[in-house]
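Given the sequences, and given the hints that come with them, work out the whole structure.
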Amino acid sequence: MSRIFHLSIVIATLFIIPIVSLAFAAETVGEYVDRKAEIWNLFFRLMVVAFVVGGVIAGTMVWQVWRFRESNPKSKPTSYEEKGEL
Amino acid sequence: MSEHDETIWRTSSGRVGKMMAILGGTVIVGAIIFFALGDYWISELSPAGKTFAGITDEEDAPTVTQTGEDIPITLDFIESKDFRTLAFNALPGEPGNNPTINANVGDRIIFNILNAGKSFHAFGVTSNEEGFGGILSGTDVAAANNPLKPGDGGTSEFIPGEPGTYYYICTVPGHREMGMVGTIIVE
Amino acid sequence: MVLELRKARPVWQIMFSTHHTDVGLMYLIFSILAMFIGGAMAIALRVELFAPGAQLIQDSMTFNRLFTIHGTTMIFLFLLPSAAAVGNYLVPIMVRYKDMAYPKLNAIAFWMIPPAAALVWLGMADFGWYANPPYSVISSPAPAAEMWIFGLKILGVSSILGSINFVVTILKCKHPDLSLGKVPLLAWSFLSSSIIVLAAMPTFAAALIMLLTDRLGATGFFNPAMGGDPIAYQHLFWFTFHPEVYVLVIPAIGMMYEIIPRFSRRPIFSHGSGVFAFVLLAIVAFASWAHHMFATGMTFTEKTVFMVGTLAAVPASAMHVFNFLATMWNGRIKFATPMMFAVGGIALFFAAGAGGVVNTAMPLDFITHDSYWVVGHFHLFVFGTIAFGTIGFFYYLFPYVTGRMYNEKWGVVHFILAFVGACITFFTQHILGLFGMPRRIYDYPEIPEWVSMNALISVGAMIILVGMGIFLVNLIYSAAKGKPANLEDPFGLGGKYYYPFSQRNPHHGEGGY
Amino acid sequence: MGHSNWAEWIYVAVVIALLVYVGAEAWNIENLIEHTPQDAEIIKVTAQQWFWSFEHEDGTKEVGEIHLKKDHAYKFEITSKDVNHNFNIPEFVVLMDAVPGRINTVWFSPNQAGEFDIQCREYCGLIHYNMRAKLIVEDV
Numbered sequence: 001m002s003r004i005f006h007l008s009i010v011i012a013t014l015f016i017i018p019i020v021s022l023a024f025a026a027e028t029v030g031e032y033v034d035r036k037a038e039i040w041n042l043f044f045r046l047m048v049v050a051f052v053v054g055g056v057i058a059g060t061m062v063w064q065v066w067r068f069r070e071s072n073p074k075s076k077p078t079s080y081e082e083k084g085e086l
Numbered sequence: 087m088s089e090h091d092e093t094i095w096r097t098s099s100g101r102v103g104k105m106m107a108i109l110g111g112t113v114i115v116g117a118i119i120f121f122a123l124g125d126y127w128i129s130e131l132s133p134a135g136k137t138f139a140g141i142t143d144e145e146d147a148p149t150v151t152q153t154g155e156d157i158p159i160t161l162d163f164i165e166s167k168d169f170r171t172l173a174f175n176a177l178p179g180e181p182g183n184n185p186t187i188n189a190n191v192g193d194r195i196i197f198n199i200l201n202a203g204k205s206f207h208a209f210g211v212t213s214n215e216e217g218f219g220g221i222l223s224g225t226d227v228a229a230a231n232n233p234l235k236p237g238d239g240g241t242s243e244f245i246p247g248e249p250g251t252y253y254y255i256c257t258v259p260g261h262r263e264m265g266m267v268g269t270i271i272v273e
Numbered sequence: 274m275v276l277e278l279r280k281a282r283p284v285w286q287i288m289f290s291t292h293h294t295d296v297g298l299m300y301l302i303f304s305i306l307a308m309f310i311g312g313a314m315a316i317a318l319r320v321e322l323f324a325p326g327a328q329l330i331q332d333s334m335t336f337n338r339l340f341t342i343h344g345t346t347m348i349f350l351f352l353l354p355s356a357a358a359v360g361n362y363l364v365p366i367m368v369r370y371k372d373m374a375y376p377k378l379n380a381i382a383f384w385m386i387p388p389a390a391a392l393v394w395l396g397m398a399d400f401g402w403y404a405n406p407p408y409s410v411i412s413s414p415a416p417a418a419e420m421w422i423f424g425l426k427i428l429g430v431s432s433i434l435g436s437i438n439f440v441v442t443i444l445k446c447k448h449p450d451l452s453l454g455k456v457p458l459l460a461w462s463f464l465s466s467s468i469i470v471l472a473a474m475p476t477f478a479a480a481l482i483m484l485l486t487d488r489l490g491a492t493g494f495f496n497p498a499m500g501g502d503p504i505a506y507q508h509l510f511w512f513t514f515h516p517e518v519y520v521l522v523i524p525a526i527g528m529m530y531e532i533i534p535r536f537s538r539r540p541i542f543s544h545g546s547g548v549f550a551f552v553l554l555a556i557v558a559f560a561s562w563a564h565h566m567f568a569t570g571m572t573f574t575e576k577t578v579f580m581v582g583t584l585a586a587v588p589a590s591a592m593h594v595f596n597f598l599a600t601m602w603n604g605r606i607k608f609a610t611p612m613m614f615a616v617g618g619i620a621l622f623f624a625a626g627a628g629g630v631v632n633t634a635m636p637l638d639f640i641t642h643d644s645y646w647v648v649g650h651f652h653l654f655v656f657g658t659i660a661f662g663t664i665g666f667f668y669y670l671f672p673y674v675t676g677r678m679y680n681e682k683w684g685v686v687h688f689i690l691a692f693v694g695a696c697i698t699f700f701t702q703h704i705l706g707l708f709g710m711p712r713r714i715y716d717y718p719e720i721p722e723w724v725s726m727n728a729l730i731s732v733g734a735m736i737i738l739v740g741m742g743i744f745l746v747n748l749i750y751s752a753a754k755g756k757p758a759n760l761e762d763p764f765g766l767g768g769k770y771y772y773p774f775s776q777r778n779p780h781h782g783e784g785g786y
Numbered sequence: 787m788g789h790s791n792w793a794e795w796i797y798v799a800v801v802i803a804l805l806v807y808v809g810a811e812a813w814n815i816e817n818l819i820e821h822t823p824q825d826a827e828i829i830k831v832t833a834q835q836w837f838w839s840f841e842h843e844d845g846t847k848e849v850g851e852i853h854l855k856k857d858h859a860y861k862f863e864i865t866s867k868d869v870n871h872n873f874n875i876p877e878f879v880v881l882m883d884a885v886p887g888r889i890n891t892v893w894f895s896p897n898q899a900g901e902f903d904i905q906c907r908e909y910c911g912l913i914h915y916n917m918r919a920k921l922i923v924e925d926v
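Chains as they are written, first to last, in the working numbering: chain A, 1 to 86; chain B, 87 to 273; chain C, 274 to 786; chain D, 787 to 926.
Hints were generated in silico from the structure; no laboratory data involved. Note that the structure is a prediction, hence the values are computed from the model and not measured. Hints may contain errors.
Quick list of in silico lysine-lysine cross-link-like pairs, DSBU-like style, CA-CA up to 35 Å [unchecked claim]:
(1) C:K607 - C:K371
(2) A:K76 - C:K455
(3) D:K847 - B:K204
(4) D:K847 - D:K861
(5) B:K104 - C:K426
(6) C:K756 - C:K682
(7) D:K830 - B:K235
(8) B:K136 - B:K167
(9) D:K861 - B:K235
(10) D:K867 - D:K830
(11) B:K104 - C:K756
Below you can see the structure in the form of structure tokens.
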């Protein structure tokens, strides 16, 4: 348990530190921030995250629906059914 | 507790039919009321809206002895293709754009209005030099909140009581600034 | 109909009954009626937008009135009453009480809805369902706007009365042997959503009165011409109506909590985390309202606060999804129509939630705000998640309400059409929003991407229409002539746990159900 | 029940980590684009039912279209005369509400010459659908 906790802290740090340092980076004079590029880049970065997570969740659901359907040859009564606890 | 030995019909064709008749009847009656009065529900502006638009109730034109002379005027609302220029009768630069009307005190100017454009318009005469308020009563055809739809039209009259410069405009906010304004010079 | 004697009662006796199942039945019928009326409006809008230029609706006034009343109908007259219907049927049974805590109040709360609906539908105001001033103060025509304001006022009171009833029923009338922690999750969902209503609704009630006096010219709270601030209204409005979104979604999740374990033949994975997530959602619901207003000129700090508040709602929702998936794991799932709708609803719930995270990421609001992205996003929520859960639960309740079975085959067809239609319609709307199409427009220029995507969206809406038509015919036909259901186990799941049936109506005497 | 919930805790931790990432990214970018350059030229934008008018710093006024120079910074001061509107240039992701009685600002620097659409994104009445203007960016 604690190992997982430490791991998540490390991962979070790896993500956060570069971002915070970027945020406070000085702006060069005379050149303007390209608003359009910044916003759309952020959008596509977040889309990558969203689609990866969405893929995992949708994949899990599709697999579950396929595997645990009643008509699947491998399906067997749940332990609760057998004990009549439903 | 949940044992029951004979079937109890909870719903039957007759009862479903009755229910559908009640629901359908209500909806049909409601629809008739709605469509019969459809335009009534949107026929007025709120008091705050009237104040904002500068509409006041008392602005009756003073009664004047009519000269008996009628000036019929036909005005069509038209729009440029990109909707950014609006005008009466013809676009700016073309002949007949926003015709100037000359009249004498007591003449009866009869406006024949047609919305020949694609958006909404409404007609009125005002003595204000800016904005869409101060419409003289009796001169208006439709109103900003219940405007003429494309293809609709109407007539109105204006009998000037005092000499001066008046403007006939589209009372839909903004349209005057975009070109829908013409002058009436009264002597 | 429901809990019927051997001899049928006359209709008026059902209508003026105060028994929770009878009131529930009226809520149910009314909400289905409202769903079809609101749906017809949506179809009219989609036909109009199929191509540039006027198709069905000849002027933008009618279009504006239609989208306003479509939204009002779907939220206040379909989703809220449909949740109330389910709650009325099941909450008293779940907490093992004979009725709702205040039966007469319950009937009054229902009977406030039809007159309010008449006001809203007859007037057909044109200011969008959130009635933003100054448009709603100075520009929106009377008397339609006043009728809408009064209608919403009545609906607000009705939903407050209904919520008081649920809270008291659950907290005070539950069986002494039943600890609060053991109360089923569906009842928990009604408890938390009712508490949100009680906390949020008074704000909107105040805002409506202020809007009315503003329109009459007596005050100028929101009228800049009189020194008022239109942004203040938006704060008041969204303080009520962002939590209101959770009021709609929480009962739908509760319904899924009822359906999914039953059809998976396993108990819920973690009752405790479900309760925790409901309570958490009810609290963080109040931390995010101003994310609807990022474009009104908020400062960086304000935006940051509300972005964080919005993101805070995500873990609670994610816990529900985890709970559902973990419940289905190792189950033996029977895919009857209710289960299909529940699973489809979870799938779309994720997409809707991810869209919400994108909306609230501050700079992305510049892309998505008031565009079709937002339309797609909240329709995924209200149709894809909430209506899916609700419609699935309508199917689930059908044998209990009518004593007959719906046609399973057509139910599946309905689900497939609704799911495919929802994906086509609402995902395309997201993309259309990225191409910059504003919402609430009657006509649009001939930009090729806009034209083709709008056509596709309209086709998707037609698919949903066909599915809903099948649903309607299935409901009416099966209620009249369907096969009699085995009320102890109508779905053939092999257990006697279809417990809506396990309660008799004490008002009906011996032999009555 | 009596089962352990460790899987759920990991899952919740992952969700929270992702949200922190999203929030930090968004905060960072917003911080970057929020900062208006000193030399940005101010343009007053006035929204009205249902058209846009613009006033440049030197006092020239334009209605329904606006001419800007490429690679200059512009700061729009947006207000409205009647109801709420929303000033939007989709191509450059510029978007800000026009609220009567308030002045909202947003800045951008066009890095592309050509003609672009300006539209109203906040429902404002009958001709909201056609409340459009043209942005013309000139190459200098």
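Okay, the hints, checked on the actual structure:
1. C:K607 - C:K371: At roughly 32 Å apart (the allowed maximum being 35 Å), K371 of chain C and K607 of chain C satisfy the hint.
2. A:K76 - C:K455: holds (29 Å)
3. D:K847 - B:K204: With a Cα-Cα distance of about 27 Å, the restraint between K847 of chain D and K204 of chain B holds, given a limit of 35 Å.
4. D:K847 - D:K861: holds (16 Å)
5. B:K104 - C:K426: holds (32 Å)
6. C:K756 - C:K682: holds (13 Å)
7. D:K830 - B:K235: This hinted pair holds, its Cα atoms lying about 33 Å apart.
8. B:K136 - B:K167: Answer holds: K136 of chain B to K167 of chain B is near 32 Å, not above 35 Å.
9. D:K861 - B:K235: violated (38 Å)
10. D:K867 - D:K830: Satisfied, since the Cα-Cα distance of roughly 13 Å is no more than 35 Å.
11. B:K104 - C:K756: holds (20 Å)
In this structure, only the earlier hint numbered 9 is contradicted, and the remaining ones agree with it.
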